[in-house]
Amino acid sequence: MTSFPVLTSLLLLPLAGTGLCLLFRRKPDLCRALTLATTLVMLALCAWVFCQQPDAAGWYLREDYPWIERLGARFTLAMDGLSLLMVVLTAFLQVIAVLISWHQKKHPAFFYALLLLMEAGILGVFLASDLLLFYLFWEVMLIPMFFLIGIWGHGRRVYAAVKFFLFTLAGSLLMLLAIIGLYLLHGKQTGDYSFALEALKHTDCGAWEPWLYAGFMLGFLVKVPVVPLHTWLPDAHTVAPAAGSLDLAGLLLKTGVFGILRFAFPLFPQSAAASLPLLAFLALVGLFYAAWCAYIQGDVKRLIAYSSVSHLGVIMLGLAAANVLALEGAILLMLCHGLTTGALFALVSMLRRRTGTRELAKLGGMWQEAPIFSCFFLFFALASLGLPGLANFSGEILVFAGTFQVRPLWGALAVVGVVFAAAYILRMVQELLWGERPAGRPWPDLTTLEVVALAPLVFFTLWLGLYPETFLAHLHLPVKILLEQAAPLVAAHGGLP
Amino acid sequence: MENLVQLAMQNVNFAAIMPSLVLCCFGMAILLINVFMPRGKTTSASLISIIALLVTAVVSLQGWNNPQFGFAGHVALDNFATFFNMTFLLAAGLTILMSDDYLRREGYPIGEYYPLILFSTAGAMWMASGTDLMTIFLGLEVLSISLYILAGMFRHQLQSNEAGLKYFLLGAFSTGFLLYGIALLYGVAGTTNVADIGLYLSAHPAMIGNPMTVAGMLLMSIGFLFKIAAAPFHMWTPDVYQGAPTPVTAFMSAGPKAAAFAALMRIFILGLAGLQSEWTSLLWGLAILTMIIGNVTAIYQTNLKRMLAYSSIAHAGYALVGLVAANAVGVSGILFYMLAYTFMNLGAFAVLVLAGKKGEENLTLEGFSGFGFKRPFLGVAMTIFLLSLMGIPPTAGFAGKFYIFAGAIKSGYIWLAIIGVLNSAVSLYYYLRVIVYMYFKDPQEDYSWVSMHTGAVVSIVIAIVGVLYLGIIPGKIMEMAKLAIF
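Those sequence lines, one after another, are chains B and A.
First residue of the first sequence: 1, per full-length UniProt numbering; consecutive thereafter.
First residue of the second sequence: 1, per full-length UniProt numbering; consecutive thereafter.
These are calculated hints, taken from the structure and not from any lab test.
In this text, all values refer to a predicted model and were calculated from it rather than measured experimentally.
Heads up, the beta-carbon is just placed ideally off N, CA and C, and yes, glycines get one too.
Just so you know, not all the hints are guaranteed correct.
[What the hints assert, rightly or not] Where chain B lies over chain A, by a calculated footprint (3+ residues, C-beta under 8 Å):
| id | stretch |
| --- | --- |
| 1 | 149 to 157 |
| 2 | 247 to 253 |
| 3 | 405 to 414 |
[Stated by the list, open to error] Here are the simulated distance ranges between beta carbons:
| id | chain 1 | residue 1 | chain 2 | residue 2 | range |
| --- | --- | --- | --- | --- | --- |
| 4 | B | K188 | A | N161 | 40 to 50 Å |
| 5 | B | Y159 | A | S448 | 27 to 37 Å |
| 6 | A | S277 | B | E198 | 56 to 66 Å |
| 7 | B | A56 | A | Y469 | 37 to 47 Å |
| 8 | A | Y469 | B | V419 | 49 to 59 Å |
Please construct the entire structure, taking both the sequences and the accompanying hints into account.
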């Protein structure tokens, strides 16, 4: 441990970058360089933490400052293995996001400022260990995304942006009520009014527990999103700019799952245990329904958006299985999904920039036209499908193994769902890369910059697929602690480990 | 006779009325100065007004933790009054800052404008520090009469005339109700002193259920709820807000509302504590009605001044939730909320003042298409104010709503809190629409006619700092709000 406030600087750096970008808004090149520099420094900081060892309680870093003492809210940031991986993913994807929006023409300074502001918000969500602080960041990260979709989106951007904002905010307002309720209950019981997560875990919620749990879960499930709360996602993805889609799929969706693991499960273990079958049901419905929707989409981006919902079904199933294997698998799958789906969204944006369309019917024959693009596309599509040796496979296999341990039927159903994934992915690949090339002007292949942006994603997709232990090693302790704290979760499946 | 004079002199304590005294003296001085100034030169009047407000703020702060009573229990300069005084002074200050260039642009550089604002601020102060129903009534009248004039000040504009007349007629009518209520309560308790009424009612519990007491309470509430713009006494708000000069509207939305809340809180919590179950159930229903009417109607507005008028109705509803909760959290929440609302709403109005164009032609949603990119500072400022009005962290609006809803939940009004939160969700829609127009629509024009007047820009900067300060580190002000309640 060092005395240097690493976590606070992880939040302040992007905020400073935002301020600078707004200040130098007439110099787009400077803003771009500043943004890239900021994200690289953040990544370096994260990489440094990644090489550290946690203390016995699983914390890598903890920082605690007084904030609103009158309410008992503190500025508490904490990083355990789970948040570490999420933070690393955020810092990594944000570098890629800057690279793929290098040639941003429309209001570039404002664009980069929002990217950095969003990074601050998302990191805050992953690091906050005080419920009020968490809620603050939870809302803060919405606003930049709202602007990214609304200003730089295509097509029905206003509709999609407003829908995104209203859906997610309506969900989180109920979470706010639940937070206040929990805070008051805890205060009444102990006389200590506090928003500290660790303190609130010991609250005896009594009859209120299901309601509070429902409030939290509504906020999180909208964000995941779980069918039937998912309808904002395809719209948002379809219109969002490249970096927006990357962040949306790679990071924003993860905050929902993260919230469940960090807050909803440990705070309300009894209700959580009771809700596991329902969660599993929703997860399976989402898995199949979204896969089916993906299969019939004509728009490549919309197809990938639905595939995203489907993958999150697998992740939610991992949460519902609630044992060591499944949880570690689910968290690993979050990383993998962030990389592969993020990469696919980036590729689709590159495709659209060249062809002016994303309609499968108007596309085809990319393999001959743009071989480098096609290689990348095929690689990430196969990873998304769950090809062994690539990222998603390692996560999915762990989730399935874990699920089979406790509920073989759920596992069997989910494996069938993966066959569906193969169907829509292969259809997309087949129609896009092969098929008939429509007449028209030539489609240039990827530029060096685009290759540079995609190469790190390939590297980590392979790493996650071939040797996930590097990342899993950080997860063993937090998952163990989570299952200890939320003992009823384990008991729900007959006390299996 | 000698005895009477002596008695009166004993009770004289100028320290208790010093803030409003200073303000009135300055106001009258400015009236005199105006006589000797050439027509149309109002800048010096506005500068003197700002100085007046600063001096008054310093004087008023002497009362913090140093309560002053005087005039036979008619006036108290306690923490409660001081907190509200600061809110009024802030509202008046921001209003005056944004006014000077606006008045010149609209062709009404009238020197009397500033004294009227100062007088109405003084009236608001009497309402907050009055501990006798008559003092409170006096304050209300001083406040209102100045505002009637201000609302109708653009005398060649029909809308402004309409606003002034409407406000005057309905205001006078509601004052009648208030007086009737005071008379009935005097009939019951034999006194108009708020604390004595409370003592009388607790000594004679049988009188609590007496129809005369209840009727007095109801009639008096009408008078104050009218000023707060709570439904169903809100009908005047949209027309008056839209017709009145924009800075006046800004002042009306914050100052009188806070003043009426101050009076209502003092009377209900100190004087009518015995009737708490009655007024709680009354306000419970009115809070819900006010929130719903304000928010739902605001959705249909295309004129921003009118939209903010309905939004101010909705915010009155949120604040009423704190009064229903009637615990320390909720009541100090109202104090906090009024201050937060002053910052965010006056900030939003200051942007409207600049963006309004001569003759207030540019106040529709379409008029703001692409405004955010053409005028980046004003766009970002407006966005911050709107986010605060929505109640998104980290802004003052969030902290205020959090405080008030926490108070409601603490007192067991879970449903009220849920309805309040759902109303906030509805309000997202119309606030968001302004942002949508500002940033997501292509600009129709280049907004080159927006000139950044120093005064208005200063008030916007103050408002931004206030909104963010109250939103990010609200602890200190929350502590003060807690110390300020009874």
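Right, here's what the structure says about each hint:
Check on the stretch 149 to 157 of chain A: 0 of its residues sit with their Cβ under 8 Å from a Cβ of chain B, so the three-residue criterion for coverage is violated. Interface restraint, the stretch 247 to 253 of chain A with chain B: violated (0 residues with C-beta to C-beta distance below 8 Å; minimum three). Under the rule that three or more residues need a Cβ within less than 8 Å of chain B, the assignment of the stretch 405 to 414 of chain A holds, with 5 such residues. Between B/K188 and A/N161 the beta carbons are some 56 Å apart, a value that contradicts the proposed interval 40 to 50 Å.
For B/Y159 paired with A/S448, a C-beta distance near 31 Å keeps the hint of 27 to 37 Å intact. Checked against the hint of 56 to 66 Å, the pair A/S277 and B/E198 fails, with Cβ atoms roughly 40 Å apart. For the hinted restraint 37 to 47 Å between B/A56 and A/Y469, the CB-CB distance of approximately 40 Å keeps it satisfied. A hinted range of 49 to 59 Å for the beta carbons of A/Y469 and B/V419 is consistent with their spacing of about 57 Å.
Of the numbered hints stated above, those contradicted by the structure are hints 1, 2, 4, 6, listed in ascending order.
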